[in-house]
Amino acid sequence: MNSLDCNIKECDVLIVGGGGCGIIASIEASMREGLKVILASKGPVSQSGLTPTANGGTAASDSPDGMFKQMITAGNFLNDQNIAWLLVSKIQNCLQKFEQLEIPYIRMSAGSVCVPSTSTLRKLRDLAIKKPNLELLEDVLITSLLMADGEISGATALDVTTGELFVIQATAVVIATGGLVGELYPHSSNNPFGVTTDASGTGHVMAYLAGAELIDTEMIQFVPLPANPRCLHLRYFPEFWEGPYLNRDGEVIISDVGIYSGKSYSHFVTQKLFSELEKGKGPLYIDHRNLETPIPPLPVKSWDARRKLIKLLGVDPRENKIEIIIGSHLCMGGIRVNEKTETTVPGLYAAGEVMGGVHGGMRLPGYSFTQIIVFGFEAGAQAAKYAQKSQNPGQLPVRDINIEKERVFRFLQPKSDSISATELKKQLQHIMQEHVFIFRDKAALTEAIKKIKALKKDVLRIDVPDFKRFNLTWSRAIEFSLMIEAAEIIAESALAREESRGAHYRRDFPEKDDEKWLRHTVAKLEGGHLAIDSAPVVLDRMKPEVWT
Amino acid sequence: MNGYITASIFRYDPEKDTEPYYNEYQIKAEGEISVLVLLNRIQEDIDPTLSFRSYCCGLQMCRSCLMKVNQKKKFACLTAVKPGEKVVIEPATYPDLHIKDLVVKLADKN
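Protein chains in written order, with our numbering: chain A, 1 to 548; chain B, 1 to 110.
Don't take each hint at face value.
[As the list claims (entries may be wrong)] Keeping only pairs whose Cα atoms sit at most 30 Å apart, straight-line, the calculated BS3-like set for lysine-lysine is:
hint	chain 1	residue 1	chain 2	residue 2
1	A	Lys36	A	Lys123
2	A	Lys308	B	Lys86
3	A	Lys36	B	Lys105
4	B	Lys16	B	Lys72
5	B	Lys16	A	Lys405
6	A	Lys468	B	Lys73
7	A	Lys123	B	Lys105
8	B	Lys73	A	Lys311
9	A	Lys308	A	Lys123
10	A	Lys301	B	Lys72
11	A	Lys301	B	Lys74
12	A	Lys321	B	Lys82
13	A	Lys123	B	Lys74
14	A	Lys468	B	Lys74
15	A	Lys130	B	Lys105
16	A	Lys426	B	Lys82
17	A	Lys97	A	Lys389
18	B	Lys28	A	Lys415
19	B	Lys74	A	Lys311
20	A	Lys308	B	Lys82
21	B	Lys28	A	Lys426
22	A	Lys308	B	Lys72
23	B	Lys68	A	Lys468
24	B	Lys73	A	Lys308
25	A	Lys9	B	Lys105
26	B	Lys82	A	Lys311
27	A	Lys9	B	Lys16
28	A	Lys301	B	Lys73
29	B	Lys86	A	Lys426
30	B	Lys68	A	Lys123
31	B	Lys28	A	Lys321
Rather than coming from a laboratory, the hints here were simulated on the basis of the structure. If you're wondering where the values come from, they're calculated on a predicted model, not measured in any experiment.
With the rest of the complex left out, here is chain B (with noise of 0.2 Å):
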């Protein structure tokens, strides 16, 4: 089941950029993978600049790593992906509350 998702993710680094846009990443992938070790593998091997919530409790229980997946609210530490597929990746909130690329700041009711 080897081969690569494709992953379109929301880059915005207020400071740098003056508007939003997209990145597209091509991520090798053995098989069935969760959209958390996705941006992992993106992060530590293909593009050192992407900033996420990289924590990961792997219950769906700190909710620190939500966002949209596909335009879903969903918990990247159990959404899951398959090679073959491809994603779209954005922040649970923009602008509300947005700080770089897929991180927000976690409200105190969220």
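Excised from the complex, chain A in its bound form (with noise of 0.2 Å):
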């Protein structure tokens, strides 16, 4: 176990994710000459990830009072001011930015703009193949991150396209792998048609295993979904989840979102509309043919194709009556770090929806793509700046690399006793639907961890099909092994924070406790085990007493 079997490949600085925070951090970074920094994403860079999913609205107001005071208020005050205060004092530079690399963004009033997602991602990888100390590595799935003397040293990486699993050695890392949830549960805006776009939390967990500390992973933003097509969330189309949203007997549950500040995004409206499932009143419907008032024109002239889209699948709530269901949208906790993205592990970074701390116990619609450009453009300048001031990079620490190729490889041997990574992740989606959703308690979180720890016993069973090159079952194998994890650190999580605040709703604590719970929720790995413990929050900007 000594030597060390696989090719190793070098650099400064290595950004783990394609997204637009992943992309954004990687043209930061080389923006230093002399540092060599690697993007690795487990798709193609531009055509993979949650941001081509996003209309690009941002909200980036010239009044970051304003942009702040709706953040915490919304978010229960559970942000890290701290963060929340970069995030909204910087979008303006950064979209000055954004100007100086040409690249196109929309002014949509006062408070907003759009960056339209596909465009803006085409433009950004341009960019970044332009930049000669900037390699892209596509396909290719990053499995663990390395660690040597309490300092990161590095991942472990499986190419999808060969099999191969190799080490990149690197001083500086930033996990930019995006969201937690959209894999946890069996409907996910994350997973228009229900089909994956993986975003399974692999970032988050890797994070964790390397030492670094998940805060308030309990806040989940579950939004209402088109039932069919399943799960293709309208998300360009204000004005079809304004409501009336409308039970089985056509009585109206929710006449209008307006009156929440999340609106469509709000958990007061999916509480809503949950409980009149409990009640046996589903399925629910959007209606909206008999409105009268005029369709709004859309601010951005690229979303008309959006809107045909919409006629065609047969899905305008004015035309037909369409059939709503309830899943995961985003997770507003993730790793822990400051406001200078750096996490607790040092030289690990993490940027984008992977951080914690910036929307607290509610996100409200726009303020994605604001944290994603500026924390991508920081974590960039962040971990560039730590490589060039630690020169070396760590010793690659080589009993680990063995024992995580020996764990990446074990997939494709045969079993005896074999079952499918497909088959496990439905039994574990249905345990977060029936025992971590809308409503918790004690009892229903106990049981989803009992139930989710017995399913950690069967990742040893997963059965695979024996071959290296593009092993789609494979790299979903690998996936489910670390997403099982999140599930177990979610419910341990919810179990811990016992009042209710936020998306976070306890039936056996439905009161908000600021004595007690004015605090983080901190999930860490101690002695090989999942602890929970609680942090307090930067309150430093503006306190709840003077909210309320």
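Starting from two chains that each stand alone, build the complex the way the hints lay out.
Spelled out as structure tokens, the structure:
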């Protein structure tokens, strides 16, 4: 176990994740001449990840104070205020950087711009491939982070196109792997038509296994979604989600979501809808056939094609009654960082949706793009600075690399009592839907943890056909082995938070408890086991008593 | 509208196969479904050795699911098939940029 039998690639900064945040971070880091930067993405950069599914609405007001107050009040004061302040105070500056890079965006109103997702990603990709000191590794799945003497030293990587496991040695690593909850529930806005976009939380779990902390992962945003085409989240059309929402009997449950600060993203909406389902009054519908108000013009011309698509797919609520279901959308929590995107592990950074502390107990629409842009630039700059300062990449932990290699290739070995990753994922999603959904309580969460722990044992039974070239089943098995850890962390964090705040509702603790729980839940690995702790919230700029 | 869709799919793993061949699958469907959903069902429920780019933006915006459906280049995410129909599914390009089965390397200009 002492010799290393795999190829090694070296760099100063490794960025993991090829969505909007990762590509911005990699371009920013590679602005420093003499630094070698690698961007590793499990799919093709600009054509994978969650960023292309978004419409690009970006909160960017000239009034940082106004944005900040909105974020903190919506977030129920659980946001890290240093992080939130950096976000609101830097977005204009970051948009100027976009202008310098000749990346167009469209001003929609005083408070927001549109950064069209797919065209922006293509433009960013074009910029990235022209950088001589930036290498794009696409179809490369990072499977674990490597540590040496308490500092990050790189990662193990699987080239999905060849099946080769290799090592990327790096002085600094930025995790920009996006979402946590797309794969954990049977329905998710992350999975249009029910097809996965692989928002599987592997980055969260790899960071946790390397010693980083995860905060507030119990804070999960759920949203109403069309039942057919399943989960095609038509977020481009605000008028779609306004309501009225009806139950089976045609009774109006919510007439207009405009009364809630997060509109259709508000947990009040999903809680009301879910209560109706619990009473047996489903299925639920959106029905706009009787609305007489004119359809508002779209603020961005390129969205017209998407509106046409709605009609084509028969999900225009002005023409048809649309059945809706509830699915996962986004986790407000994530890897614990400070405003410099530094995690608690030296050399490890996290940015974009994977980072915690930005949105507190509830995310406002439009703030995710602001988050990936501001913290993409920030993480790229900070990681580059760290790499420049610390000169030597750490030693590679040969033993850990060999153990990881064995773990990854074990999936390809024949099993006597085998089960598919697809089947296990279905079981995990069922557990999360039954016990860790809109309303929670101690009994259900305890049951979930018991079942998840039992299911974890089955990871060793996952059967994967033995071939190396673009083995989708293999990638999914590796991702499942990490995803199931995330499920346990979420359930344990939800059990620890004995109050109701933002998206987290406990039936056995229905009130907010500022005295005990104006705190982050903190999940970390201690002695090889998951431990849940808590930590105070940074409240330096705005205190709850001012608000109430 | 329950019934079966017949899919004939291009298969080729250059590390194992001497030449490309086609596999035929019968997939149960409750109605019209997209080719990408169809491929997912095959990979998850019938044949775990099938390789394709499963990523789905669902809006034919990301272009990662471009492939040939009945000899025409289409986005699998929004190309529908119905029970009773037969589809032939092939990679967008072959042999150029081909990796395995329906997976091709995405060129910077495609």
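| Quick check: which numbered hints come out false for this structure? | none
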